[in-house]
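Undergrad: Going down the list, the sequences are from chains D and L.
Per the numbering used here, numbering through the first sequence is continuous, rising by one, with the last residue being 295.
Per the numbering used here, numbering through the second sequence is continuous, rising by one, with the last residue being 572.
The set of hints was computed from the structure by calculation and includes no laboratory data.
Worth double-checking, as some hints may not be accurate.
[Claimed, not checked] Facing chain D, according to a computed beta carbon distance under 10 Å, are these residues of chain L, among others:
| no. | residue |
| --- | --- |
| 1 | M1 |
| 2 | T37 |
| 3 | Q43 |
| 4 | F45 |
| 5 | A46 |
| 6 | D47 |
| 7 | D50 |
| 8 | S51 |
| 9 | D57 |
| 10 | D61 |
| 11 | L104 |
| 12 | A532 |
| 13 | E534 |
Note that beta-carbon positions come from the ideal geometry of N, C-alpha and C, so glycine has one too.
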Amino acid sequence: MKLNIVVLAKQVPDTRNVGPDAMTPEGTVNRSALPAIFNPEDLNALEQALRLKDQNPGTTVTIITMGPGRAAEVIREAMYRGADGGYLLTDRAFAGADTLATSYALSTAIKHVAPDVDLIIGGRQAIDGDTAQVGPQVAEKLGLNQITYTEEILSCQDGVIRVKRHIDGGVETVESALPCVLTVNGSAAPCRPRNVKLVMKYKRALAPMELPQGSGYGDLPYASEYEKKDYLKLGQLNCADIDADLNQCGLAGSPTKVKAVENIVFKAKENKILTGSDEDINALVQELLASHTIG
Amino acid sequence: MANYYSDINEIKFELENSPLMQRIVELKELDYADKDTHDYAPQDFADAMDSYDRLLDIVGDITGNVVAPNAEAVDAEGAHHENGRVRYASKTYENLQAMNQAGLNGMTMPRRYGGLNLPVTIYTAANEMVATADAGFQNIWSLQDCIETLYCFGTEEQRQKYIPRVCAGETMSMDLTEPDAGSDLQSVMLKATYDEENGCWRLNGSKRFITNGDSDIHLVLARSEAGTRDGRGLSMFIYDKRDGGVDVRRIENKMGIHGSPTCELVYKNAKCELCGDRKLGLIKYVMSLMNGARLGIAAQSVGLSQAAYNEAIAYARDRRQFGKAIIEFPAVAEMISNIKARLDAGRALLYQTARYVDIYKNLEDIARERKLTPEERQELKQYSRLADAFTPLAKGMNSEYANQNAYDSIQVHGGSGFMLEYACQRIYRDARIASIYEGTTQLQTVAAIRYVTNGMYATVIQEMEQQAMMAGLEGDSTLRRLKEMASKFNACTAAVKDSGDQDFHDLCARHLYDMAGNIIMCHLLMQNALKAPELFGRSLQVYANMADAEVEKHFTWIRKMTPEKVDFYRQA
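Let's have the full structure, built from the sequences with the hints guiding it.
TA: Now the structure itself:
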């Protein structure tokens with residue numbers, strides 16, 4: 001069965017190895033100090049999509065990412081791993097979006113470029129915001145079922161998807177009719193590596209936003225390649241392209257207001273030194289039982 | 001997130017800084033004609049170099065983040081022997097899957113068969129990185145280059161049948177060694193007989209010490225000419241595992257490279273195909289196979305040296321004694337400097353050899369399609385001689401260095417290095433085979449010594465001196481030292497040749513070989529340091545000290561040696 005899959009992906013600052021300069025004095029993320037990477041759980045999501053593509057010939061995997069020109073790197077990275085193409089959702093009007101405005105833009109774009117989508121897959125959450133809201137909100141706005149905390153897609157046949165979810169204290173298996181939205185956990189299978197032939201094929205792919213100001217594909221090195229190979233011109237959508245309501249986009253569409261950002265330094269407040277003696281161990285066990293930490 | 005390519009600037013330097021690279025890519029891509037038929041083919045030289053860079057970044061990523069973290073578990077588990085078959089260590093399958101998903105197979109094969117059409121030089125860089133991560137896994141992965149021999153000597157039908165399969169990730173092995181035919185392959189007895197009824201060849205007998213012996217596609221050396229006893233009765237065959245008939249009798253219990261299954265094979269009337277012409281199995285095809293394999297072991301050795309260096313320096317920076325990091329003690333720093341110097345010198349030799357191989361192999365390939373021009377024929381002859389002269393040096397010197405470096409890496413670790421918790425002991429065990437298989441160092445000496453006596457190395461060294469002068473190094477103290485080393489080497493060569501005594505000659509061979517290796521590597525390192533002093537300046541100084549002392553040692557040895565003293569070395 002051919003599937004039409006959209007993968008939602010985000011370029012994020014790599015917050016996993018933060019140094020002292022990770023935040024600006026104003027309390028925003030200092031993007032220049034952190035490398036921009038493919039949001040890790042979105043890579044897990046991409047792998048689930050690519051596995052369905054492996055099993056169902058004819059399936060297409062399309063990336064949609066929202067961000068500035070350089071975020072198109074996410075589309076290329078996905079194509080290096082087997083995605084068919086993608087769209088960069090980019091417009092000044094999208095800037096400053098919180099999760100609500102982001103999910104509005106993404107769902108509107110999906111309606112526009114993939115009205116017959118079977119499956120929308122994204123990572124559980126992005127490492128820069130950690131909200132886990134965008135996936136569920138996209139589902140809500142499109143009126144689709146959603147399956148969160150996806151660990152593995154067990155099957156996808158005859159319009160029904162069976163998914164193993166990672167939940168507190170165990171796993172559960174659920175089914176949904178297509179189309180639906182999945183958000184994928186970091187504990188799901190890691191994404192496959194970049195494929196060298198695909199890298200060589202797509203390395204020159206660019207979104208219009210990435211071109212030097214005032215120039216077109218015809219002005220680039222290897223210009224004739226862009227004429228011959230459509231896949232080297234990545235999709236790009238702005239507000240007008242998807243008929244988005246400006247009041248629901250970007251800062252205007254974002255009810256979330258950041259009041260303040262604080263630096264938190266973890267400090268040990270109290271500590272207790274135990275020896276390995278039976279007495280100490282017994283005392284600790286009793287204490288933990290009493291506080292219901294164990295038992 | 002380690003990346004064995006982007007973290008190691010010396011590799012990138014070796015690929016980008018040789019004037020030969022342009023010629024290599026030109027020969028490999030032939031007017032960049034593939035760009036019209038294959039969407040992943042380069043448009044021009046710069047585009048090809050960019051693609052190589054991106055490809056190696058992927059290899060660096062996978063080796064650093066998948067293969068290396070799996071190495072300890074693979075070493076502990078080893079390969080399993082089950083019902084006549086091999087089951088790899090479980091993490092080996094993970095490694096293979098990552099390499100296959102990345103499409104890192106059929107690296108040097110033409111695109112029309114699904115290959116990546118990479119120069120050997122680029123493949124060598126990948127090989128080195130895989131070995132840094134896990135030398136045992138490098139064995140399995142790099143045996144894909146056996147396909148080169150099938151490509152060169154097989155029929156078009158065989159090429160179309162097998163090459164795409166290797167490009168898709170099927171593994172290979174070369175079945176040469178037998179219990180009574182190790183270094184002396186002329187004694188191979190595995191019987192190949194023609195089955196008139198079914199119109200095919202059949203193999204009967206056994207093989208031993210076959211690396212990755214349960215592979216999908218085997219190249220087998222067997223005796224096709226009944227009644228013969230020497231190399232001229234041997235032919236090369238292709239055995240396809242899909243046809244069946246070969247079982248694994250046992251897997252050897254080895255000291256190192258545990259992930260790589262070393263098999264004893266039994267051939268029971270196994271169907272096979274003749275590859276190339278009868279009787280040329282050993283004298284032509286195995287020689288070709290071995291030359292490729294030797295370059296592969298040279299790359300493996302450099303990878304092991306890099307691993308030994310990585311472990312040594314990390315430990316020495318971290319470990320504190322007497323109130324400071326041990327790297328601050330000169331006795332420890334010297335060991336690490338020596339490892340780095342041997343690594344950089346050996347790597348320079350490795351890539352110079354790979355480039356020579358690239359030029360002559362690509363010209364040979366072109367010669368299969370059309371007649372070469374007289375200039376091309378001259379070029380082919382020149383580079384094929386250089387490749388023949390450099391390959392045994394690259395393999396022998398680097399494999400000995402890998403052992404020395406692994407030894408020193410353990411020494412840097414002190415008592416901890418003797419404990420199995422640290423990676424340096426695995427590297428030490430893995431390195432031990434490098435100076436043995438694909439021809440021991442002693443056999444590399446045999447292969448190289450003719451280039452000592454015929455003056456080839458001396459000429460190469462002289463040309464390098466001239467290049468250094470032209471590059472403005474006249475009066476440079478390192479060049480002066482190198483010239484002194486060269487005159488000692490020439491004096492020793494003359495003394496040995498003048499003696500006219502074969503035993504004396506054979507006994508001195510290893511010493512002359514080492515001298516040539518030291519001088520050539522020091523020159524190559526000097527060329528590198530000229531272009532990138534920040535990368536190679538220190539190693540050059542350290543290596544020059546080491547090479548100078550080594551050459552002096554061998555000079556003294558040969559000068560004080562006489563044919564009469566050979567008797568003291570005879571063992572009953």
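Undergrad: So, for every hint listed, does it hold in this structure?
TA: Checked hints:
1. Because the closest C-beta pair between M1/L and chain D is about 9 Å apart, less than 10 Å, the hint holds.
2. A hinted interface residue such as T37/L counts as satisfied when its beta carbon comes closer than 10 Å to some beta carbon of chain D; here the least separation is about 13 Å, so the hint is violated.
3. Hint status for Q43/L relative to chain D: holds, with the closest Cβ pair at about 6 Å, below 10 Å.
4. At a threshold of 10 Å, the smallest CB-CB gap from F45/L to chain D is about 13 Å, leaving the interface hint violated.
5. Satisfaction of the interface hint for A46/L is found here, the shortest Cβ-Cβ separation to chain D being roughly 9 Å, below the 10 Å cut-off.
6. Of the supplied interface hints, the one on D47/L holds, with its beta-carbon coming within about 7 Å of a beta-carbon of chain D, less than 10 Å.
7. A least Cβ separation of about 7 Å between D50/L and chain D falls short of the 10 Å threshold, and the interface hint therefore holds.
8. Nearest Cβ of chain D to the Cβ of S51/L: about 5 Å, under the 10 Å cut. The hint holds.
9. A distance limit of 10 Å between C-beta atoms decides the matter here; for D57/L the minimum to chain D is near 9 Å, and the interface restraint holds.
10. Hint status for D61/L relative to chain D: holds, with the closest Cβ pair at about 7 Å, below 10 Å.
11. The interface hint given for L104/L is met, as the beta carbon of that residue sits about 6 Å from the closest beta carbon of chain D, less than 10 Å.
12. Because the closest C-beta pair between A532/L and chain D is about 26 Å apart, greater than 10 Å, the hint is violated.
13. For E534/L, the interface hint is violated, the least distance from its beta-carbon to any beta-carbon of chain D being 24 Å, above 10 Å.
Comparing the model with each numbered hint stated earlier shows that hints 2, 4, 12, 13 do not hold.
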